[in-house]
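Enquirer: Sequence:
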Amino acid sequence: MPRKRIALGIEYDGSFWEGWQTQPHGRTVQDVLERAIASFADQAVATICAGRTDAGVHAVGQVVHFDCDRQRDENSWVRGVNRFLPPQIALRWARGVEADFHARYSARARHYQYWIWNDAVRSPLLDRRTGWVFRRLDVDAMQAGAAQLLGTHDFSSFRSAQCQSASAIRTLIRCEVERVGGGPLVRVRASANAFLHHMVRNLVGALVAVGTGRERVDWIRQVLEARDRTQAAATIEAAGLYLTEVEYDAKCGLPRAQERLLFP
-6 MPRKRIALGI EYDGSFWEGW QTQPHGRTVQ DVLERAIASF ADQAVATICA GRTDAGVHAV
54 GQVVHFDCDR QRDENSWVRG VNRFLPPQIA LRWARGVEAD FHARYSARAR HYQYWIWNDA
114 VRSPLLDRRT GWVFRRLDVD AMQAGAAQLL GTHDFSSFRS AQCQSASAIR TLIRCEVERV
174 GGGPLVRVRA SANAFLHHMV RNLVGALVAV GTGRERVDWI RQVLEARDRT QAAATIEAAG
234 LYLTEVEYDA KCGLPRAQER LLFP
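Per this note's numbering: the sequence shown = residues -6 to 257.
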């Protein structure tokens, strides 16, 4: 029976897992997902994701693909695999795709959100769901700083020392900061053709430095042009980061993620 390529849309709470990528201890999203697929399909599979998330990072729009010779309809994949998954991971959809589809290399853009609980007192209910900044953030200053990051640049100042990408050139097509409903929740939206390791968390860390008044707005441009990680702010915690959508050409036939407020 010929092998078929299947794409899946995955949602998960990253606070329960030690990142996406498989590890010998097996406590990663990839390990748990592959075991669930194997239990349903009665054969081992290897998944490839659109973007490897670190420990503590969440996803509502992760996309993966795998090859399998089991014949199942799309709804059966969702119901069947979810039966073997823990409550913190779920398939949102499944689609048969062409053999040349690749979850990572076929992607046109990745969309992230970072959520900050901006209040003098931490929130136990949002622990492991948001980053926490206790100083009042000047969102207008953060947005002015974010605007300086748009476009195609060398983002070396915002990549981790462990980043293995051959090039630091990326195109940031969206970077927006807003205070939701005038309350303590601040959302940063970032979209790019691709991101470097820790790039979103490092961008947000720099914007927080501006928002708290520790740095001037034009410091963002100076950091970007320095192409030196040591010139930037500290990496903000993983808890507030969400991979919300991976975007593909319409011809791939994959569902578009419905953007939604992750918190009321």
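It is possible that some hints are incorrect.
What the hints assert, rightly or not - Below, in silico cross-link-like pairs of lysine to any residue (SDA-like), each with a Cα-Cα straight-line distance of 20 Å or less:
| no. | residue 1 | residue 2 |
| --- | --- | --- |
| 1 | Lys244 | Ser99 |
| 2 | Lys(-3) | Asp35 |
| 3 | Lys244 | Asp35 |
Think of the hints as simulated: they come from the structure by calculation, not from any bench.
Since we're looking at a predicted model, the values are computed, not measured.
Enquirer: With reference to the structure, classify each hint as holding or not holding.
Expert: Verification of the supplied hints:
no.	hint	in the structure
1	Lys244 <-> Ser99	holds, 11 Å
2	Lys(-3) <-> Asp35	holds, 15 Å
3	Lys244 <-> Asp35	violated, 30 Å
When the structure is compared with the earlier hints, a violation turns up for hint 3 alone.
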